[in-house]
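Enquirer: Input sequences plus hints: build the corresponding full structure.
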Amino acid sequence: MKFKAFLTDNGVSLLEKRFLPALDKMGRICHLYLTREHTIFLHNLLNGDGIQSIAQFRKEALFDDYRISSQNDDRIAFAIDLSLLHRALRSVITICAEFSGSHAGSGGASTTNRLQIKLVKKLPPHSQQPMPFLTFETKGYKSAVIQDVPISKPLSRSDVLELQAALDMAQDLPRTLVQVPDMNQLQNFVDRMKHVGDLINVSITKYGDLHLQISTTLITLGAEFRKLSVIGEQAEVPVGDRDLSAQSRTQRAIQRGDAMTVQVNVKHFAKSLQCHLAKPDCAFYGIGPQGACLTVIFQFFIPGTRQADKSISLHCRLPILDPGSN
Amino acid sequence: MSTSATEPEAADLVCQLDNVQGMVDALTSVRWKRHQDAVVELSEHGIVLIVEESRCLQAKVYLQRELFVRYGYSAQGRPRFGVSLGLFVDCLNTFSVPGHSSTIEIQYPGPDMQLLLKSLDSANACIYAEIRTRIPDMVSWDYNFEPAGSTPLSFTVKSSALKEAIDDLEWPGSSIQITLQPVPPSVTFRGDGHGNLQIDFKYYVNTDLLVAFHCDHQVSYRYKYKFLHATTSNIPASVIKDNRGSKLTIGRGGMLKVQHLVSVARPSISHSHVDSAGYQQPSRIAYIEFFVKPEEDEATGNDS
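So the sequence lines, in the order shown, correspond to chains A and B. Take the first sequence: its letters are residues 1 to 326, numbered as in this note's numbering. Take the second sequence: its letters are residues 1 to 304, numbered as in this note's numbering.
No lab work stands behind these hints: they were computed from the structure. Accuracy of the hints is not assured; some may be wrong.
Keeping only pairs whose Cα atoms sit at most 27 Å apart, straight-line, the calculated DSS-like set for lysine-lysine is [stated by the list, open to error]: (1) A:Lys4 - A:Lys194; (2) A:Lys4 - A:Lys139; (3) A:Lys267 - A:Lys25; (4) B:Lys293 - B:Lys247; (5) A:Lys194 - B:Lys33; (6) B:Lys118 - A:Lys267; (7) B:Lys60 - B:Lys158; (8) A:Lys267 - A:Lys194; (9) A:Lys4 - A:Lys310; (10) A:Lys279 - A:Lys194; (11) A:Lys118 - A:Lys59; (12) A:Lys118 - A:Lys17; (13) A:Lys121 - A:Lys2; (14) A:Lys267 - B:Lys33; (15) A:Lys194 - B:Lys118; (16) B:Lys118 - A:Lys271; (17) A:Lys17 - A:Lys279; (18) A:Lys227 - B:Lys118.
A few chain B residues that face chain A, going by a derived Cβ cut-off under 10 Å, partial list only [stated by the list, open to error]: (19) Tyr128; (20) Ile131; (21) Tyr287.
Owing to the predicted nature of the structure, the values given are computational and were not obtained by experimental measurement. Glycine included, each C-beta is placed from N, C-alpha and C at the ideal position.
Expert: Okay, structure coming up:
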């Protein structure tokens, strides 16, 4: 089992500034799954009923000179603590920056202090048992700095298969997706809404409406966003519905089969909005087939264009507490 | 079932407010613990919200009709209803978008006697709320605050200084003695207990802190710390920032009245020249009043 690659500058900034802070909010521990073509960060796919998040990068998005081999079809997976990974990466970057600063005049510095990442087994201090680590290594002019991030034992063949199966299962797309108008504003709103209740009803219509509602015995608090862009199945708003209240409009859309409602934990919903720390260019919410989950898909554009960058993908699936009356 | 099913004309009150944060600030200032029941009283003059605790502390928030962009009142008499203060504030807070001035409409009653709120800012995004109300179970303690003598016993102190003084008085003990004396004109807060701490506001020494002072004879009363603390514990940041004065008056029997002013003005970026006196349109101010009963056990509460 071998893994060795060099992180590119772009890869470093993607991880350090954007993805690691966002993924850390999903949960400190995640699985890192490496294949011949992809690097994938996975939360809660094998265990737990928490929010699932899947961040997938094509190897070129993060690395160059990427080498992986294992007896399990060149696939390796292990659990890793994201805050430790983030810390190690940050510290390595500072050192890198210092080196390139001091070598600015001498030329060729950029090639000498490349950031290598690899899997190793080492004997930690005061221990008889070698432990696996993900190691970052920067070679400077005179010295090298090594950061070891402890990881779990690599997953067994059957666990990797299970992880792959769960990953395949998590790829089903909702039939209708609506675009979130303003992530920051929505996050702000949901953070305040959290004080009022624990469960949030999310309704999505084919007309491009996103309706959020918290309802307890003492209070009903909701927000409706209309005329959002829709991907997938869409429909025209029936004329008579335009002047109704948000609740009755959603009710009628559900009866007509033009909408779905699910109930999720408001904390999960708020967490899913934290992904905007990864600075996506847009986000879409949709309800999975048969109301199986609430999915949020983030899109990243190729810098300077409006074209989706296919090499990066991030989506979350929120477990459903009440499938609603769809 | 739907909110639009009620004719707004049938409601006792339909009003619109363009500064939700101001209202949140005003109501937060009387929120001294997590679960508090409030009574709301509507009239043609505005909305009054009352909270009280163990008949020793009462707070009132006055939101006069001038604070509202529109105030449509059509009830006979003065409708009253009970509501959970915490829920009301948390709910209003979701309508307040930082950096925007958000306009909301408040309506009472809804089809099921709810308090209805909705945002009016955008046609494509709407926030709405229905808050369950109760028949108020408390008859609010209607204390007739009367001046102690011919001249009122009162002083006005910068709000931040008052808050700081009361916060500092936490450690010595559970009751605080407030003394006003005319010569030299000064106010003393004193806490005795594990230790003692005395804070003096001397009129001639700190004219910038003690803005006004009226007192013709010495008085001294003791108040429970926790009640005194409640009068400033949640004073909104905007009040501390504007740093207008808070007015304290001692009435007959030692009843203490604490008044704060909370700005509910529409936040304007272009006209931010609030002058040194913190002058703002008087009509855009919410008045907050606290009434604190003195401790009766000892004979310290007396006029001399």
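Enquirer: Confirm or reject each hint.
Expert: How the hints compare with the structure:
1. A:Lys4 - A:Lys194: 44 Å, violated
2. A:Lys4 - A:Lys139: Distance ~15 Å between A:Lys4 and A:Lys139 Cα, so the pair holds.
3. A:Lys267 - A:Lys25: Judged against 27 Å, a Cα distance of about 12 Å means the pair holds.
4. B:Lys293 - B:Lys247: Roughly 16 Å separates the two Cα atoms, so the pair holds.
5. A:Lys194 - B:Lys33: 19 Å, holds
6. B:Lys118 - A:Lys267: 24 Å, holds
7. B:Lys60 - B:Lys158: Answer holds: B:Lys60 to B:Lys158 is near 20 Å, not above 27 Å.
8. A:Lys267 - A:Lys194: 7 Å, holds
9. A:Lys4 - A:Lys310: 24 Å, holds
10. A:Lys279 - A:Lys194: 23 Å, holds
11. A:Lys118 - A:Lys59: 14 Å, holds
12. A:Lys118 - A:Lys17: 21 Å, holds
13. A:Lys121 - A:Lys2: 11 Å, holds
14. A:Lys267 - B:Lys33: With a Cα-Cα distance of about 24 Å, the restraint between A:Lys267 and B:Lys33 holds, given a limit of 27 Å.
15. A:Lys194 - B:Lys118: 18 Å, holds
16. B:Lys118 - A:Lys271: 26 Å, holds
17. A:Lys17 - A:Lys279: Holds. A:Lys17 to A:Lys279 sits at ~9 Å (cutoff 27 Å).
18. A:Lys227 - B:Lys118: Judged against 27 Å, a Cα distance of about 19 Å means the pair holds.
19. Tyr128: Holds. Min distance 5 Å.
20. Ile131: 5 Å, holds
21. Tyr287: Since chain A brings no Cβ nearer than about 26 Å to B:Tyr287, farther than 10 Å, the hint is violated.
Going down the numbered hints, you'll see the structure goes against 1, 21, while the others check out.
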